[in-house]
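S.K.: Going down the list, the protein sequences come from chains A and B. Just so we're aligned: 333 in this note's numbering is position 298 of the first sequence, and the numbers increase by one with no gaps anywhere. Just so we're aligned: 289 in this note's numbering is position 296 of the second sequence, and the numbers increase by one with no gaps anywhere.
This list has only true hints and no planted wrong ones.
Using C-beta positions, here's what the derived DEER-type ranges look like:
1. A:L442 to B:K28: 24 to 32 Å
2. A:I486 to B:V214: 53 to 61 Å
3. B:K434 to A:T368: 35 to 43 Å
4. A:S236 to B:E449: 50 to 58 Å
5. A:N378 to B:Q333: 19 to 27 Å
6. A:D482 to B:P423: 47 to 55 Å
7. A:K367 to B:L261: 44 to 52 Å
8. B:I96 to A:D402: 53 to 61 Å
9. A:D482 to B:R289: 21 to 29 Å
10. B:T367 to A:I486: 40 to 48 Å
Here are some, though not all, of the chain A residues that point toward chain B, as calculated from beta-carbon distances under 8 Å:
11. L300
12. H313
13. K358
14. G439
15. K443
16. I475
17. E480
No lab work stands behind these hints, which were simulated from the structure alone. Beta carbons: idealized from backbone N, C-alpha and C, even for Gly.
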Amino acid sequence: MLRYIRLLVLLAILVFSVVNLHAQEQPKTRILFLLDASYSMEKNWKGETYWSTVKRTLYEMADSMSKLPNVEWGLRVFGHTSRFVDNNCKDSKLEVAFGNGTPLSLKKRLELIRPIGITPLAYAMERCAADFQNTQGQSRNFIVFITDGAESCGGDPCAVAQALERNNIVLKPVIIGIQLQQQTVEELGCIGKVFNTQAPSEFSDQLKKVVEESIAKTTLQINLNDIAGKPTETGVAMTLYDSESNMPKYHFYHCMNSRGVPDTLTVSPIFTYDITIHTIPEVTVKNVAIHKMMHNVVDVPAPQGTMQIALDGNVSKSASVDKLRCLVKKAKTHTTLNVQSMNTSEKYLIGSYDVDVLTLPRIYLKDVKVDQSKTTHVKIPAPGILTINKSVEQYGAIFTMEGGKLLKLYDLSGSDNQETVALQPGRYKIIYKSKFAKTIHTTFEKDFEIISAGAMALKL
Amino acid sequence: MGKCIPCDVLLRSCFFGFLMALLLPYSGIAQEIPKFKPQVNRILFVLDVSGSMKEKWNGRVRYDIATELLGQLVDSVERTNPNVEFAVRVFGSQYPREQKNCIDTRLLVPFAKDNATRIKSALKTIGPNGMTPIAYSLTQSAKDFPNDPKALNSVILITDGDENCSSDPCAASKALSSKRISLKPFIVGLNMDVSITKKFECIGTFYNPKDAGAFSNTIGVIINQTLNNTTVQVNLLDKKAEPTITNIPFTLYDHATGKILYNFVHGLDSKGNPDTLFLDPVGIYDIEVHTTPSVRKEEIELTPGKHNIIAVDVPMGNVAFTSNGSATDALAVIREDGKQDIIRVLGIGQVSELLANKYNAEILTRPEILVDTTIIAGGLTDKKIPQAATFALQLVEPISVSILKQEKSGALNMVLRKELKSSESILIQPGEYYVVYKATKSNESAATKWIKVVAEDGRYISVNLN
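Bound conformation, chain B alone:
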């Protein structure tokens, strides 16, 4: 420290610099939280090449319509948007249906820039053939995306039928999004029977275009959606369910891993609406709003390319423990009703904002007071603590003293014991007390004396212990 003495605390930079040097792992550089903006959009088509794709749709073979339209789309998107890359995975293309091969899937064309030509020609080399192992194909597609944190990955599943390999496509889809590999798949049905479509709801957003024109349109919409910003607004709702609450920090966690993804302090824009966040739409979020105590909401999925609203109920009210007259150094220790963790420690008269709920407060007066309190949203709950009396303990010699409070039951409970060397004043709650004392120098129980003292609110009572 000697080095710092000449600059003293006045020169904070010196002092601070010293501390910085002392705390090597210090990483205190403030950084703004970047708005999520992918540098590349990767879209994987998972295409059904099962035997049923041979069937006709609007007079043509389904597979032919699908591949032709896909080729056109890829071509036009690539031309207008250099940040988009495509790849194609197919299933059911290699083994005839009779073989019931349930791992018949392969990456036909991997991701690369300007892939349209490759995709178009590759699709011509295969034709409808085998099974529909949707779940297995989705699971395999995880490997198709390069490990690139700056990319936004999407899966578009094009199929004309239900999984027929008795695996669970829902679980496979959930794994993709919870592991933050891609957005939840988009599913485009080809002339799909309405009864089957229900089964696809858990996999992702399902589209069932009526005809070839609608099919093309649907895929175009999906691609656009993945290219749009995904925005989020967190509404912190008051007791009237209006989003008026703000300035509170909140954290977004990855639901699957519990990892912290973002920390924000909530704000309102100039119109008084909650500020807009630009977030990665991939994955499942948990939000924790750092009220006291905090409020969590789990398994939040964002709709990509859209404005999402996350609403969290945080009705709050103010609480204060107050006492008339002379200041007291007592503290109020607050716990949630039925819980043991201390959520806040307040001084007397200090106002604090807590979630509207039931709490227990332990007031560290002498003796302690236990207060149950219900905090009302939007209001101030003012809990009055009886004003302490002052016992001015007047000594002529050092004493041992125990102050006993008379309870309603008649029992005397010790609220203070001390070895006093000189006169001292103590604050004590209203009640009836026995002040029992003995000269420290005396070794005889019979030298014990006592005085019964009634403490009244705010009274100063001189207690002569001679």
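Extracted from the complex, chain A is given alone in its bound form:
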């Protein structure tokens, strides 16, 4: 007992010191005790009853927990407002809400409760969702579920537990059983881990241990390694998924602490994680097991460099230039990883990339290398702006020569009097014919040259 309180005090100091240092919010831990108060809880248990053992243990814990910052607890009870014979399957109530969990309020409440009813387990669990209100952000929610029997209302606690988890409301519930039958232990297994206890002392120890582990800091450091295997990469978002359910559990921006090492993250030790680093492209490591109450270090290779794509030359802002996009793909693949605009920089994992530039004509860059911590400058010659003036409707198109053949780049709009096209510097041919041409032999062609960032006018 004494050992336990010492630990809590130690934790308290630790948590406080962190808060003082950074004046930033630490993730809250919320623990909801879900308590079975069906009439069977009145059974004798080695000089106590099940119920009195639970009350005593909870009261002791509430006292020490209330001294911890960032820990809130609540109490939900079922089977205590209607008699067994009434068979009330909606008999569950939040007795102490989060934020109000003082030892005094708990004591007051517990003194008033008599285990008299049935076990509407699924219903009670379902109600828990509402108890964790405002659970956005980094709070870690736990349900500690204390029971001596199985569902008695035909509900499906498994389905409810899964829904809670799917909706990211709670981490896996933990069940502390009181002399459960083996069949019940198995049935409850789908909700979460079951600790079946056979004696009051075992019950008390187990309950305290579970809570202790919920609060105690299990930490994780994710090293984003560069090409040399040094953890120098940072500044990207990361998602931690529960490997088993595939549900995202945490999101962090990777930071370096004041000592220049990757920041320490506080995570629940209950899960095995898949970790996605939101680099371009993303990197995922699977099945990262976390050791409880320890500092865990995970190495993820995420070597990155920068690709800067810029127009070479002074070009006046225009709609056609603003629309120039670059499709970046892993070399020799055809899936766009990122759409980069002109005159921007973006970080990529090191390697070779193909870049399709939506200029006219298109530019297909192959094997653009991105090297560790370097910036690859991709220079695209600034296009020139061609203005075509027509007094009558003209049909035709603008071409470039490619391998001795004409490659069409742009169809003239039949009707507009004036149209503008951004073209890369180079030589072009325009082939056109007036709508009113008498014969096809009055097709005209003109060769012209576009200079980078220049302006050019053609009158047809």
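With chain A fixed as given, assemble chain B onto it according to the hints.
M.R.: Just chain B, lined up with the frame of chain A:
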């Protein structure tokens, strides 16, 4: 540029003049495409003087009939048409058959104006003698034509038998036309066995006149044909194989060299028929119709002096990628199915005409959407892009933000990352997202926050990132 400032852009001529001066190699003078009209027609007779020409036809020696009729024809054409020149090459005239000389050919009379007398007298100086080296003679005839781009050159081969020097006359003939030296040879058979005539089909157009009268007539027809205009009509066929499609540029290439010969923009005449082109009948053409993507048809040979129809299937349909509600600046990047070159980039709502076919479009929304589309000829394929929602990201301080989309697999894929200094609105496709962010000034991972936001079509969603 200082020089141009006073005249400003209002005076375009000044501006344009400046550009002209700047771009020295500018060759932007528009020129009409001339109708093909040769200034001189050169006709080379390649005459068989092999031993077999001694044999009789209608009671007279073949060689005598052939040379006599040829002389008369040349005479009369020259008198009526001053733009025609003749020359005569003979084979098998110099060495007796027993010597099996397979390079026995020579230019008997070269091209010149008013050649009839010379031709007639020269033909009298030789007589039937040796082998039939047709292929070699055709190859040699290439040198007989003066280098004159304004001429239309023809070869008329007069023979009574098959090649007997085991060379390939077809290849020799093809070389003449693909190198644009002359029209494909015309072959006039003298009492030729029907079984042999098949072999001449690949050399050129084959005539087998029955008797002397028909022989004379045939050559007259051939000469007339070479003097007539060769016209071409390009039929751009729609899905019903009707030539209704027009206003599309097309290019005629020389098949052998790949050189561009003509560029036209297709047109219809007042009756709605495709316009008539006057083209050089010599050579083999490739046509490329500049639809999107373009359509090529290769190895087109024109029949000289006739109206030729080149039909190209270009069934086209319109495509547009549309989205309801607020305008989006997304682009649709279109590629042919299975290919990597981008054939068109369209704005949302923009309509474009493409060949009826299968395409892949990459829509540069956030996140990207990949659309496979089949464009139906004559129709409008309207691909609906889900209407984007707007995330109005409300800031109280600069943040780093990453927006992650929840995929069906459960994976979260980043669709945007940004350093934001002030509030900003972004367009985002419908779906479930996690907006993960951290104050830029904070150096602590624990300061990361996130919000799950559901983007519904067209909805404006205020996302408070404080």
